[in-house]
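Trainee: Given the coordinates of chain A, assemble chain B onto it according to the supplied hints.
Protein chains: 2
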Amino acid sequence: MNGAHLPGPAAPTPSALAALHPLPLAAVRLTPDGLLGRWQDRNATATLPHCIDQLDVQGNLTNLRRVTGDSDAEYRNMWFADTDVYKTLEAAAWEIGRTGGGFAEFLTDVAALLEKAQDADGYLDSYYQVDRREQQWTDLGFSHEMYSAGHLIQAAVAAYRATGSAQLLGVARRFADLLVTRFGPAGADVVDGHPEVETALVELYRLTGHEPYLAQAKRSLELRGHRRLGEGRFGPRYWQDDQPLRDAREVMGHAVRQQYLLAGAVDVAVETGDAGLLATAERLFTEALAHKTYLTGGQGSRHKDEGFGDPYELPPDRAYAETCAAIGSFHTAWRLLLATGHAKYADEMERVLYNGIAGSTAVDGRAFFYSNPLQLRTGHDGSHEDTPSQRLSWYSCACCPPNLARLMASLHTYAATGDDDGLQVHLYADGSITAGGYQLAVRTDYPWDERITLTVTAAGGPGPWTLALRVPSWCRDARLSVNGSVVRTGAQEGYLRLNRTWKAGDRVELTLAMPARIVAAHPRVDAVRGSVALARGPVVYCLEHADLPPHLSGTLFEDLELDLSRPLELGTGTLAPVTIRVPVLVRDDADGSLYRPYPPSAVGDGRAATVPAIPYFLWANRAAGPMRVWIPVAATR
Amino acid sequence: MNGAHLPGPAAPTPSALAALHPLPLAAVRLTPDGLLGRWQDRNATATLPHCIDQLDVQGNLTNLRRVTGDSDAEYRNMWFADTDVYKTLEAAAWEIGRTGGGFAEFLTDVAALLEKAQDADGYLDSYYQVDRREQQWTDLGFSHEMYSAGHLIQAAVAAYRATGSAQLLGVARRFADLLVTRFGPAGADVVDGHPEVETALVELYRLTGHEPYLAQAKRSLELRGHRRLGEGRFGPRYWQDDQPLRDAREVMGHAVRQQYLLAGAVDVAVETGDAGLLATAERLFTEALAHKTYLTGGQGSRHKDEGFGDPYELPPDRAYAETCAAIGSFHTAWRLLLATGHAKYADEMERVLYNGIAGSTAVDGRAFFYSNPLQLRTGHDGSHEDTPSQRLSWYSCACCPPNLARLMASLHTYAATGDDDGLQVHLYADGSITAGGYQLAVRTDYPWDERITLTVTAAGGPGPWTLALRVPSWCRDARLSVNGSVVRTGAQEGYLRLNRTWKAGDRVELTLAMPARIVAAHPRVDAVRGSVALARGPVVYCLEHADLPPHLSGTLFEDLELDLSRPLELGTGTLAPVTIRVPVLVRDDADGSLYRPYPPSAVGDGRAATVPAIPYFLWANRAAGPMRVWIPVAATR
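Quick note, the sequences are listed as chains A and B, same order.
Just so we're aligned, residue 1456 is where the first sequence starts under the working numbering, counting upward by one.
Just so we're aligned, residue 1456 is where the second sequence starts under the working numbering, counting upward by one.
Honestly, I wouldn't trust all of these hints.
Since the list can't tell identical chains apart, any single copy or any two copies may satisfy a pair.
Unchecked claim - Cut-off 20 Å, straight-line C-alpha distance, at most; resulting in silico cross-link-like pairs (EDC-like, lysine to aspartate or glutamate):
1. Lys-1799 to Asp-1932
2. Lys-1759 to Glu-1840
3. Lys-1799 to Glu-1705
4. Lys-1571 to Glu-1677
5. Lys-1958 to Asp-1876
6. Lys-1799 to Glu-1948
7. Lys-1571 to Asp-1586
Hints in this document: simulated from the structure, not taken from any laboratory.
The structure presented is a predicted model; accordingly, all values stated were derived computationally and were not measured.
One chain only, chain A, in its complex shape (with noise of 0.2 Å):
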């Protein structure tokens, strides 16, 4: 069986409250010419090799042959370590259904392991199998063991939709089908400390149509919320379980846990047809991005319980941002994208995308940052692996590389959706499309040039068909032509919409104006008061040490000011193809001390300069040094 007509990841059935729907795996192709592709090329040269070595190296595989008697080593790692093995083989499935290429061998061989690991009646963490039986179940605030059997699932939805192989299937319902008898209605009323399994279960009940998946999706959602769990190390907020998640007026807790949960309930929400439960999550996650979101689309404000902290308490500097959580806040924008069709969730993937997830992972693809601070002080402690100065190449918990691979070989599925009228293109990026009996070429350089070329290689049907374009909303001038003549239309929902008769070769231009922004955050937001940061398109920019010529290094980067009464301009560079040349002031502060009268005594003029920005997303590539996204503004002198 060839998957490529199946869908990718989180796709609502037809009976689901859906505004849009997913486009077969096949239908997007992204090419190397544009970031995207590149992106997708780089997690399968990388990436994704890197993970498949890594969990050969750090013990993971030999952690499952233990299960099966094939080792004798102690268990290594984390005790939810088997995830990091699934969201690699979910990662090696969208890699082959996307090229086809490359990792077969590795999916068969590892679900071959899996089958022989798994207990008779579906049980499989290779943790709790050996000589921790008796510890089964018995703490599930911490033990991740239906966290795990999700990510389990999800790789098994995974390599069927993309490869059509059922044997990674098998093994999933086997543990789901454990789940459903020992946790189901008949079953203990418990919930796992870490959501995951519930859009998992729901993934597998859109693929198999089993109807208790979805019951066990939902009823794990409902048992959530009173205090089942206990208190835990952090209290029940860490893990959304001290209300119901339809009374939460705010996201709490671990930002991940937060995240996967929502995305849960979306997916419950669409397959119920429960638009009560569709609103609260698209309560939340709005109110996540009112409050509690980095300019990034980074989440998760404290490093302590790696959770949301107060609204507008977003510190640069120790933003924890978790590469997860980003990932996390891209699955659930996603779903809310298909329900509503809205484009602000369009507008969120993208930008989460080029900045709080493309920033995680380094320029060679085998580096990743686990947080993902938008400041690096000079004098910075990196000792710390949750403040590392550099990517390392791997983590003690490492769920967060393997989160990238999966998401990064299933990139293309999020570009466009359909809908009975036409196609919605979300994510600009080189490449092509084929919906409705229409194919399109997509030629850009986005993000780094502003036009984006559809050309219509193949038309469908006679009639009218609608082609949607998103104009994010960071655009204020969007300019639109089809054969070489303006056209003017209205955004509706953030897309220009084409409904036309289209034949082939009809040439579509968009135009999205891309100055460089300076972009202000809302006075409440006391940790960067004072402070501007920068941005072209959806790429937010950042000041790093690497960048200062000579005679500013060293500590003069923590006294570097915007200075406005010069203007920003855009320059060229060898590690990011846009930069944007910003005139700074060196602050001259001769009075070293901490705290001073105010006003402080006069000060010099500073020295000018003009110092380059590179996107966030490539700070860290070079030597180690400070970094910032929110700059200091100069005061008029």
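Mentor: Relative to chain A, chain B alone:
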């Protein structure tokens, strides 16, 4: 034996490196007419009894009775819960020395319990003495066994100095002797993950003259910094073990550990005549004040590891500023003051006392902050023990309350010192001072009133004698008169020195002008850019929600800005004798978006109002609500 002629905490021997020496315990008496005296009385009548109650309620004493076979209850609380007992004992001892009354039975009973619980070889640690004997000394990174020994020793030294009782001293010496035997030059090269035993052993040496205690303290100090403790949870910097203290360029890691280590280093340095080590401690303490200290004197910017952050990383909302770190800073400053005579250390004692330390205790003396943020936001999640919205009566890790009790019970001993020429007054409070045959009556309502009157009630020898009065660094206008005549005398090293022949009835009046001050931070402190703080005298002020008129309450607290076009004025209040009446504008931010184009669209003028600021140390004594020390400055409109 009456200990009134022995000194208080941290008393160098006559041969130590010392510019100043502590006065005998009975030399300074504070009256309840002054704030410090009232704090001491509140400690005696509320905090200390509360701590003693909690030792029963929480099971700390039961833990010890398990060892003596008088209880078969489970061990409760942190594994180092014995230290809560020791610090409470120390507080009781100082209090007995101060007023004679009330706690003798507690001291005697618990000392007897400890005697009974102690092993024959001197070991004493109720966590490890019953069912974890085989784990003794096996986990020095986290076991706190030597840390616990240190607090036992300090309690014993206090009991001897304050009450003359050697009962506890016997217990402490036996444990100290065990440490010397087991971990001395003939023993294992190990250090404890939490410094404390160093300063305690030096104090024990000071009291007993037994050289091996000093040698063991020095050895413990020198063994640290060679990564013997391993990585732990937060890496070797966490416990100051990544490099020898002498090589350290900045304070780092867990703030309490760092300060306790510095205090021990000063003690070792002055007793061994190690000027280089003393210089190291001065350098590191000064570095902390220059880059890593809150305006309140609090230290520690991070919740995750209770640690210092990077230089200038001083977020007011996420300030950890642990009470014990503030107390540790006070202890280190006291030792440096004695060693050097530099007023800057007394300045720091004053700052951290009136702000970082004082703010931790509720006005009723029975509730405490463990972390001491400088800002609490509207919508704050106070459900975590490390970020409560109001003070808690006790903590699962209860280190801070008894630490406050022992400091407050001995507070009078830090007010003044002597040297060969006379007396130095460092902390001003209503009371009396006896030194060198002179007696002084001190009358003042400091820090509310700017006048301090010192009257000689008994004169010592016939020759000249120097009365040195500290002029705090915050003071820009100090006026001094003797017997009504203004004296022109330049401050030297921060002290106004009156060298003259004194007679009974001589009257010195010092006036330290206390206008409301506006304080700015170094521009590298990104977290408070565009904001200022208010202070008067040594007291930092804050805006608190409870003081807002109803029409400005709710989330509008977040929108207050300081209106510098109108003057600050002083006022009075019920909670605070002196308030600062702060002209504000309520920012009118019609654009609610989290991020927006810069410059923002025009905003209104804001509503003008005047709200009282209260001393920071009095916050959170009314209804829970937001608070801020750093106030945004309204831009010119």
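Trainee: None of the hints should be skipped; say for each whether it holds.
Mentor: Right, here's what the structure says about each hint:
1. Lys-1799 to Asp-1932: Close inside one copy (17 Å), not across copies (59 Å); limit 20 Å.
2. Lys-1759 to Glu-1840: Cα proximity of Lys-1759 and Glu-1840: in one copy and across copies (13 Å, 12 Å).
3. Lys-1799 to Glu-1705: Within one copy only: 19 Å inside a chain, 46 Å across chains, cut-off 20 Å.
4. Lys-1571 to Glu-1677: Answer is neither; intra-copy 34 Å and inter-copy 55 Å both fail.
5. Lys-1958 to Asp-1876: The answer is within: 16 Å in one copy meets 20 Å, while 103 Å across copies does not.
6. Lys-1799 to Glu-1948: within (8 Å within a copy, 63 Å between copies)
7. Lys-1571 to Asp-1586: within (18 Å within a copy, 42 Å between copies)
Checked against the numbered hints above, the structure violates only hint 4.
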